[in-house]
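**Q** Residues per chain, in single letters:
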Amino acid sequence: MPETLPDYGAYIWPAFIITGATFALLIWMSLAHARRWKRRFEERTRK
Amino acid sequence: MFIHVPAAQVSMFAYACLAVASFLALVFRHTLADAAAQAVAPLGAAFAFLTLVTGSLWGRPMWGAWWVWDARLTSVLILFLLYVAYIALRASLDDEAKAARAAAILALVGSVNLPIIHYSVEWWNSLHQGSSIFAEGGPAMPPVFLVPLLLMSLAFLSAFGSLWLVRIRGEIWRRRAEAAALRAARG
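Those sequence lines, one after another, are chains A and B.
Under this note's numbering, the residue at position 2 of the first sequence is numbered 2, and the numbers go up by one with no gaps.
Here this note's numbering = 1-based position in the second sequence + 47.
If you're looking for bench data, these hints aren't it; they were derived computationally from the structure.
Don't take each hint at face value.
Claimed, not checked - Taking CB as the label site, the calculated pair distances span:
hint: 1; chain 1: B; residue 1: Phe192; chain 2: A; residue 2: Arg46; range: 53 to 61 Å
hint: 2; chain 1: B; residue 1: Glu143; chain 2: A; residue 2: Gly9; range: 41 to 49 Å
hint: 3; chain 1: B; residue 1: Asp141; chain 2: A; residue 2: Phe16; range: 19 to 27 Å
hint: 4; chain 1: B; residue 1: Arg230; chain 2: A; residue 2: Met29; range: 42 to 50 Å
hint: 5; chain 1: A; residue 1: Ala32; chain 2: B; residue 2: Pro190; range: 19 to 27 Å
hint: 6; chain 1: A; residue 1: Glu42; chain 2: B; residue 2: Arg107; range: 33 to 41 Å
hint: 7; chain 1: A; residue 1: Arg46; chain 2: B; residue 2: Pro162; range: 45 to 53 Å
All values derive from a computational prediction rather than experimental measurement.
Ideal Cβ placement from N, Cα and C applies to all residues, glycine included.
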């Protein structure tokens, strides 16, 4: 093993952060989309 | 590697799902298949985006460049653009049935890109490494890397499956809500 490894962290951490943010956005958007249209359907069928 | 490879696998699997669902919607006029196709496209686009970004972040220290017009990279970029085109096409036409048909044809034509992505590293000279998991003679990596990679692939696939189901459910609610609004408008 070399004594000093190149600083790969500068590339790996942004990858983790971008992946986490993308997953958070996907989960939030998918749940919000489903909840919003369920609520609208219930509103429209209640009237 | 533990993010890039699973994201790439899921982005291609999602496109295969999109193509199958589009075929079922186009040929058998299956409403649920159409909803499934509409629901999977943003997920596939997100995973293709992750593939490109994480690949670029790894390419910089390995190859010395953020991007090269290599066959593998370019074909994955085309995959991402196909997802974007599918979403844009569905959103661009007022007639939802026509939009669904046009987008389904686009998805089916675009499925030609899947074998191109897979075999691009064999058909052309490429900076990108060849197949590691499905290499001839077994996986070309030791178990210490292979096992976590397979676990991550399974986790990404599970996340994709769960999100796809949530999005299909949302799409069904949207269609029901719009049908209810139409019924109410007709009196």
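**Q** Can you list which hints this structure breaks, lowest number first?
**A** 3, 4, 5 and 6
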